[in-house]
Amino acid sequence: MPDLDATAQVAAADANGSTRRELVRSGLAAGAAAAAAALLPPLLSPAGALAAPIGDAAVLVLALRAEQAVLYAYEGTLASGVISASTAQVLKMFLGQEHEHVDALTVHLERLGGTAPAPPSDLAAFELLLRELQIKQSPSTLRNEREYLSFLVKVEAELANIYHFAIEQLVDDQLIQTAAQIMANEGQHATLLRELISPGNVRRAVPRAFVGGAT
Amino acid sequence: MDFDEILRYPRSRRAFLRTAGVGAAGGSSLLLTACGGGSATSKKQAAEESVTLAIRASDVQILNGALDLEHMAIAAYTAGIPLLNGRARAGAVRFLGQELTHAAALAGAIKGSGGKPNPPRTSYDLGSPRGQAEVLATLDTIEGTLIDVYLDAIPKLSPGWLRADVASILANEGQHISILRAARGLPPAPSAFLTPNE
Chain X
15 MPDLDATAQV AAADANGSTR RELVRSGLAA GAAAAAAALL PPLLSPAGAL
65 AAPIGDAAVL VLALRAEQAV LYAYEGTLAS GVISASTAQV LKMFLGQEHE
115 HVDALTVHLE RLGGTAPAPP SDLAAFELLL RELQIKQSPS TLRNEREYLS
165 FLVKVEAELA NIYHFAIEQL VDDQLIQTAA QIMANEGQHA TLLRELISPG
215 NVRRAVPRAF VGGAT
Chain R
266 MDFDEILRYP RSRRAFLRTA GVGAAGGSSL LLTACGGGSA TSKKQAAEES
316 VTLAIRASDV QILNGALDLE HMAIAAYTAG IPLLNGRARA GAVRFLGQEL
366 THAAALAGAI KGSGGKPNPP RTSYDLGSPR GQAEVLATLD TIEGTLIDVY
416 LDAIPKLSPG WLRADVASIL ANEGQHISIL RAARGLPPAP SAFLTPNE
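Protein sequence lines, in the order shown, are assigned to chains X and R. Quick note: to get my numbering, add 14 to the position in the first sequence (first position is 1). Quick note: to get my numbering, add 265 to the position in the second sequence (first position is 1).
Pulled out of the complex, with its shape left as it was, chain X reads as follows:
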């Protein structure tokens, strides 16, 4: 189940500062603590649309949780023993860039008074996170390099969806720009992973004119 406690905790911290505007806007500014407690579920209308922004810190927590899933996916792939040296070199570079994303988001989150969520502690926790990301495939079913790379493409695609959501929700300009830069980097990862799967097939490597937020 979602880590609503962690999100609410961050939202509480955030409610004292930068999300004041959102709280006012959404009519929840009666008290920071009460607002934080009420912040998450009531924002969803019966039709499933958000009635108001959820606050920058809460968005960062979500992005960090997704990034941690990606880190775990890359680390697991590199440790699988089925990845060639040349592919491993590329994956290590991407893993390094994912770490940079996590570091940057964590700094922003801490400035807002939040704490980064803990990474998945084991495979079961990772699989739970994957299911939240609507990835049904279990990494334990992966057998060869191609399957691992296809799996990473799926994880990267869902991460781009999370950033699409984040950019829609974030209020701070610098955060919006950083999220856009990261989302674009994730798009590059997906393209280059697809290129590893099907070298020279640009139709596969860059399948759509829009990245993230796609159905």
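It cannot be assumed that every hint is accurate.
Here are the computed distance ranges between Cβ atoms for each label pair [what the hints assert, rightly or not]: (1) R:387 / X:145: 50 to 58 Å; (2) R:381 / X:132: 31 to 39 Å; (3) R:460 / X:121: 38 to 46 Å; (4) R:455 / X:151: 44 to 52 Å; (5) R:460 / X:93: 29 to 37 Å; (6) X:94 / R:386: 31 to 39 Å; (7) R:351 / X:142: 39 to 47 Å; (8) X:155 / R:387: 51 to 59 Å; (9) X:222 / R:410: 15 to 23 Å; (10) X:218 / R:389: 45 to 53 Å; (11) X:145 / R:402: 24 to 32 Å; (12) X:89 / R:322: 44 to 52 Å.
With a cut-off of at most 20 Å between alpha-carbon atoms, the simulated SDA-like pairs for lysine to any residue come out as follows [as the list claims (entries may be wrong)]: (13) R:421 / X:106; (14) R:381 / R:322; (15) X:106 / R:452.
These are computed hints drawn from the structure, not numbers from a lab. For every residue, glycine included, the Cβ atom is placed at its ideal position computed from N, Cα and C.
Mind docking chain R on chain X? Use the hints.
Positioned in the frame of chain X, the structure of chain R alone reads:
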């Protein structure tokens, strides 16, 4: 709020730009939700009106600035493709199609907001690239300029969903520049944070 909610809710209201070229009501299910009940026609009408209200004049100006550059990119790919061959040519053809999609989406969004999309210029100064390497370098530069413009524009756009969809275009330009750089023998994704000068 969790991943499941995120991944369910935005899908119905995403893709404003993706459908904006087809009709102004595209991606406006947010507004449909806000409207409550009513007939399909009145919901559509309300959605169109609300979308128009949601995009400000300053947004239209920003979108038109991006559209100007998309027009330039289209001109550059169109002029450069005959000088390319093999994979580079296939890639450029693909990217031209995607730039056309971006331009149509931006123009549709501008029109849907009551604005007037800037037309392409009659000519562009693209230098005089000779041969594949110089064409790829020119395209790389133009993609870098597009990235610069989108990165600057995104935080300035008012509606969140518009920011997100423009970021979708930015990310696609990032993919283009990766492939172009790889074709030029350069690192395809040198930075964890997409920058104009990649």
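Index of numbered hints that the structure contradicts, given in increasing order: 2, 3, 4, 6, 10, 11, 13
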